[in-house]
Amino acid sequence: MIHRLFARSWTRTLVAAFVALVFSIAITSIVLSISGFNPPSTFQAMFEFGKEPDSIVNTLNKAAGYYLSALAVAVGFRMNLFNIGVDGQYRLAAMLAAAAGGAWSLPPVLHQLVIIVVAVLVGGLWAAVPALLKVTRGVSEVISTIMLNFIATGIIAYLLNPGRLAVQLGPNNIGTKTISRSGRVPGTPFPGTDLKLYSLLVIAILAGVGFWFMINRTRFGFDLRATGLSQSAAVASGVDARRMVVMAMVISGGIAGLIGMPQLLGESYTYSLNFPTGIGLTGIGIALLGRNGPVGIAFASLLWAFLDVSSQILDFNDIPKEIVAITQAAVLLSVVVVYEVVSRVGQRIDQRHVAAQLGEVAA
Amino acid sequence: AGCGGKKATTGGGGGDGKKTLKVGLAYDVGGRGDKSFNDAAYAGLQKVQQELKLDVKDLEAKEGESDNDKIQRLELLAKSGYNPVVAVGFVYATALGKVAPKYPNTKFAIVDDNTIQQPNVTDLLFAEQEGSYLVGAAAAKKSQTGSIGFVGGVQTPLIKKFEAGYVAGAKKINPKIKIQIKYISQPPDFSGFKDPAKGKTIAQGMYDQGADVVYVAAGLSGSGSLEAAASAKKWFIGVDSDQWQTASAAEKPYVMTSMLKRVDTAVFNFVKSVGDGTVQKGDVRFSLKNDGIDYATSNPSALGDMTTTLNDLKQQIISGKITPPEK
Amino acid sequence: MIEQEIRTPAPRTGDRERRRTRMLAVGGGIFIALILLRLITGESDITSSGTMGATLALAVPIGMAALGGMWSERSGVVNIGLEGMMTFGTWGAAFASYFSGNPWLGLLGGIVAGAVGGLLHAVATVTFGVDHIVSGVALNILAPGVTRYLSDLLFTDEKGGGATQSPPLPSFPTWSVPGVGKPLGSLEKHHWILISDLAGLVRGVLTNLSPITLLGILLVPVSYYLLWHTAFGLRLRSCGENPVAAESLGVKVYRMKYAAVVVSGALAGIGGVFLAMVASSNYQEGQVNGRGYIGLAAMIFGNWRPGMVAGGAGLFGYTDALQLRGGAGAVHAMLLLIGIGLLALAVWRGYRRRVVAAAVSAVVGAGVLVWFFLTDALPREIVTYSPHITTLLVLAFAAQRLRMPAADGMRYRRGGGH
Amino acid sequence: MSTTEPAVELHGITKRFPGVVANHDIDIEVAAGTVHAIVGENGAGKSTLMKILYGMQRPDEGTIKVAGVEVALHSPSDAIARGIGMVHQHFMLADNLSVLENVVLGAERLHGIGGKARRRIEEISHQYGLGVEPDRLVEQLGVGARQRVEILKVLYRGAKILILDEPTAVLVPQEVEELFGNLRDLKREGLTVIFISHKLDEVLSVADTITVIRRGTTVDTVRPGDVTARQLAELMVGSELPVPELRESTVTDVPVLTMDGVTVRDATGRAVVDDVSLTIHEGEILGIAGVEGNGQAELVEAIMGMLPLDAGVVRLGDTDLTGMATRRRREAGIGFIPEDRHRHGLLLESPLWENRILGHQTRPPNVKGVLIDRQGARNDTERIVRDYDVRTPNIDVTAASLSGGNQQKLIVGREMSGDPKLLIAAHPTRGVDVGAQSAIWDHLRHARAEGLAVLLISADLDELIGMSDTLRVILRGRLVGEADPATITPDQLGSLMTGAGEGSAA
Ligand SMILES: Nc1ncnc2c1ncn2[C@@H]1O[C@H](COP(=O)(O)OP(=O)(O)OP(=O)(O)O)[C@@H](O)[C@H]1O
Ligand SMILES: Nc1ncnc2c1ncn2[C@@H]1O[C@H](COP(=O)(O)OP(=O)(O)OP(=O)(O)O)[C@@H](O)[C@H]1O
Ligand SMILES: [Mg+2]
Ligand SMILES: [Mg+2]
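Residue numbers (the working numbering), protein chains in the order written: chain A, 2 to 364; chain B, 45 to 371; chain C, 10 to 427; chain D, 332 to 837.
Next up, chain A with everything else stripped away, as it sits in the complex (with noise of 0.2 Å):
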């Protein structure tokens, strides 16, 4: 009975979830209860404020950007790859492509096509360069990406100046040409608030579909999981490993370069200095409490976006919404850790059951 629950894996990261999710409300109780704050109040302060419909439209926004950003991660992550570099590549790409879309007027549909390869293509060209230093100069991807970051703000912060690729949007506030209504994809109106949905969540579900598919029905995802799992047992079987790095880390880069896009062209039609910034590093933390799955990724999203909307209203009450952060950790540990305990214990059970099966039981 027990092996059949278990013997499926999404039963395992469902019960992980779950304990996991327990775990962190306690420890969250526990911590605010210190401090003197009363935890279902707060829970239920939080609840009631993110079920409201703007906190749902934000939530459901928020969450298409750390989607986003979480596939790429989880493309490297699948190959033990580190791509920190998300981060960098998104703003990047983000800026050149609104810069694109400004400088440019195309017709509807093309304008929007050409912003996204834009985009895409230069998140994926800035992945490639720790690709190429690793494979070429053996440099490790987990320090490139953590320089190339750094050396990306410092190109965006180059080009976004007035005379090269930015105007003056107010009296302090610079970016790049705001992006013609031929470029724009309307927001789609959601029930009980003026906030739009940005049309271009259907961007991060069909990313999150195609990663799915890849990953599962592809000669390349096979590759991509094999080299994963046993780097040497893949390099064995024919996979070329340099080729697969330079391939994973440029879909990787290309998924980033799209993170920018619901929001470029859903709301702000510029990257001026007030694009969001960081969700490359968040996508880190929402793909490890995915367990780089597209459908745990989903959820993971799902729940950081919710929380981060949600700690709003502590502020509002005089509780410090870092509280969540120390949610947000907790649930990312002890998913791990409750994952790490059922596998094993699933792990145990398949071998007994095969040992069982084959009535091998008396070695």
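The hints are simulated quantities; they were obtained by calculation from the structure and are not laboratory data.
Don't take each hint at face value.
[As the list claims (entries may be wrong)] Distance condition first, Cα-Cα at most 30 Å in a straight line; then the derived DSS-like pairs of lysine-lysine:
no. : chain 1 : residue 1 : chain 2 : residue 2
1   : C       : K261      : D       : K396
2   : C       : K198      : B       : K215
3   : B       : K325      : A       : K197
4   : B       : K296      : C       : K168
Using the hints, position chains B, C and D with the ligands against chain A.
Positioned in the frame of chain A, the structure of chains B, C and D with the ligands alone reads:
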């Protein structure tokens, strides 16, 4: 566009409005404690609380957040009956543009921006270049080495305005003066406003290379620069609020002056005007003319007889004879 | 942590003597190159005592993180959570020193707070077998949350404090080696070749030292001694090389890993103390600002060995000092050095018959030189990140002879060997 | 310690692993000052038992007495404290540490980690003729030297009871002789040796007493004089042993694999494969004999395209493989049974049917175009499981849950399904039980009859001699000799392998 508030005590008559006034304020990244304009805004809010005896609520921003987060924050305040609501920083422009029309009875103010054209939005703008011009002149006058410095926190248009005014003021006094200019970080990396270690290193470098006065427009990083000044026994010029007041006893002698950007005054006056019913929509400019911008004279021994020159320049700016550049 | 898939047969490890002379030679060579550069370009800040002092100040926190990373990884635990541990360190230093009024208790507080971060990492990775990177990332999320939460509770009501910062903290006394400052200072002013440069170096390193700087410097040889010349160190390193073998010889692998990771956290904590109390005068949210990650880079750069790790931190600190102090001019001057260096590398590679590598170096080197001669200064925006660019370039062009501990990042279960 | 007490007594030891009872009610008495051999086939539970005695694993049931005193061993330290030392089946050495460091690790209290320890090591090394240099890095040592370091480690701790778990598996006969010399010395010094092996002639020559373990339990304890190797083997297996042999020759003169002047260098420029030329024909099995670490692994990787050639040409039939990627080579018709199935042959955490795809990611029935053909792969996995007798409940279990022998059969089945022209079989029956062993030999013979060319690498000299049409000897990367499998004995081959008689020996 429903007003949606549950306990919306929006507006009300002008006369007895005072009693129902609850003041909301949303900070820019950095929030309370940045020793810069968020703190100044907070000071204004405290004054509101003490002198006008009003309820206040201040909410913090998160680094890297999106416009939707800001929209929600402003709405949260407006919806819960806070009126007026002050948004600190131009980063709120887009968000305010969406929220203000939904709450026509709520008075909003935004600091450092004037792109939102709404009847219920007041733009609190500052002529930082004017004050910077004056402290630039002061620096050039004070300098014996003919070399001074400018440390910016993050290279944004706002901070470049400080730089431009400072440079122009210094050149006015001494056209051949050497000015070292350095920013700590580049946008969108705003860590330059809170990296005292780097603020210190940069200022030290400037002093080492001959500068004897350094103007630091770098938020919290300035505290590091001030330390460098004190240990090099050279001059330091603060920004936004009077940094002589907050400096430690050992550092006070080296704070020559500060360029004052009275966000506190602006916030206080705005709230007061809402209470009085005299609120003004559109641009409210704070400059030398209306004491919204000034330079500090809390260290008179450092300024010495310089004040005459400075006051003279100040008059020329007020009268329009001199127009310090913005970039 | 990530298996090296590009097959390069293991390098032969030279003996200690050779390594030491090589390090000295490289150090000396770089110093002479810098002097030449100063002469050619006239940028006197290149070897000034101020630059050297700033280098030290910038390198110490990075170096502490890097040293911490080295301790942890030598025991086989990858520590990407250094950033978070440093953050704990800054806060711990502020908390303890502010409420006690004693800077030394601040040091203790930072060490303890960092060590607690390390302990968390150890519990997750060693006891629960969580992937090291996951745990590190979680710590990096946790730390800013916890510190801000605590600051909100503890610092907001204090004068000058708030959710994002502590009130001003008591400071450490600073020391100078007596009788060094003045004479060297005057020597330095003459800009005499070598003499003034050496004077700058020595004066920068010996004057206005905070005890934390001294402690940081001291911890490099101490780490070396502990890890390479004591039984404890041998046991610790054996856990990073082959924990199964270590266990089979009665080494308490879990205990050693715990010790290493906690020490790692404590070291990162010292880096935090330095940031909060020496480099500035209060705790500040976001003060660590990526230094933990850069420390990690310095550690890899330093090949997991203390001398080289310190060198990596020093290189980063130096370029950062140069760009912060000298700005565009001094960094522009560095282009000359980089260009010439690359050309030299090209010649050497050509001599070793590695044609492609030689060509790449030559082309890049020539490009850099052209850039140098065609411009007067570099864009400010780019100059800000010259330490990062330098790190990347050095890693890309220096020969790759890095060797991480063999079992680094491996999940190890007690009794897991077969 | 009275000499009449047995050095070690194990009573009723039972140890269960999930799904497996590794030891079941084991009873053994080891007399002091003797060499006591424990034999049993792969997976019989020998190593588990020894790990229990060494404190690395806790028994579920049973008692352990050392020198007549009942003990509870919680960790190796406890065992070490009681004078027990163990040389493990797989080397327990840290490559990046020096010999000295490896030896003193955990026993620093004895003589520190410096000069005193070095002198002590040199002393022991001299006393037992081990020839160990304390300051070398372990990674620079060959297998024989590593083995001696392992023994030195145990002696350094002053162990009175020595456990050697399959110490001879990686040694050539001459090295085995040396080792036995060492063991006799040890015995003379009053030490007790527990010696595990399944090379029965060795056991008979060195042991005073032999205990046979089968399927986790003790079946008999005998004296070497009372049994023959054959009887011992049948005790061990419970049935007759398979014999590796080929019948009539099927060798044709159609060359399949041709290597010409192949040289591979490591980063330091040393030639690890040095000017190797050989040809394998259709229907021919060419065996490569050599002490481990003499370039066999690199030779294989060179053929597979996993290592770049420094010089030379590799051809498959008329196709020039030089410079071709591994995948293309596999597609051209090379099958590969790797030496280390866990590292190079399987995705342990993946189900069997995904393991079927590994190495054949570009060929039907596993793929359609760029997509994975799950159904095709599954069906073909079912076929392999059936044809190759892979014992598994279904094809959705992970490869890790199969026993080693079954994992190996899956690999053999998979590599045969690609219709290879050339099969590289590196230690195809290492760590595999007798049933699986004979099945794998059968498959090789069968494929050979159908024209397959095989490159066979093995440390098991009987297998090598019995299964090869042609034998070549590799030493320090060079092919140094050729032998006729029909006439050569393992001893002669062994001396060729150590370079004792360079040149051809007929
Ligand atoms: N740690 C473990 N967890 C689960 N099963 C194990 C473990 N160690 C050994 N086994 C199983 O216990 C059985 C006995 O293994 P053991 O290693 O003792 O055999 P052995 O006699 O030493 O074989 P060999 O000759 O291959 O060394 C095998 O079936 C093996 O799969
Ligand atoms: N540490 C371990 N944890 C879990 N399972 C193990 C462990 N060690 C061995 N096993 C199990 O033992 C089996 C094979 O392991 P191993 O490589 O040791 O071969 P073996 O036990 O000697 O078997 P064989 O002799 O048949 O190859 C696998 O099924 C594996 O699941
Ligand atoms: Mg085994
Ligand atoms: Mg065994």
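Taken at face value, is the distance from the CA of B:K215 to the CA of C:K198 at most 30 Å?
-> holds, 28 Å
Do the alpha carbons of B:K296 and C:K168 lie within 30 Å of each other, as the hint requires?
-> holds, 17 Å
Starting from B:K325, check that the Cα of A:K197 is at most 30 Å away, please.
-> Roughly 28 Å separates the two Cα atoms, so the pair holds.
Taking 30 Å as the top limit, are the C-alpha atoms of C:K261 and D:K396 close enough?
-> Between C:K261 and D:K396 the Cα gap is close to 24 Å, so the pair holds against 30 Å.
In summary, the structure agrees with every hint in the numbered list given earlier.
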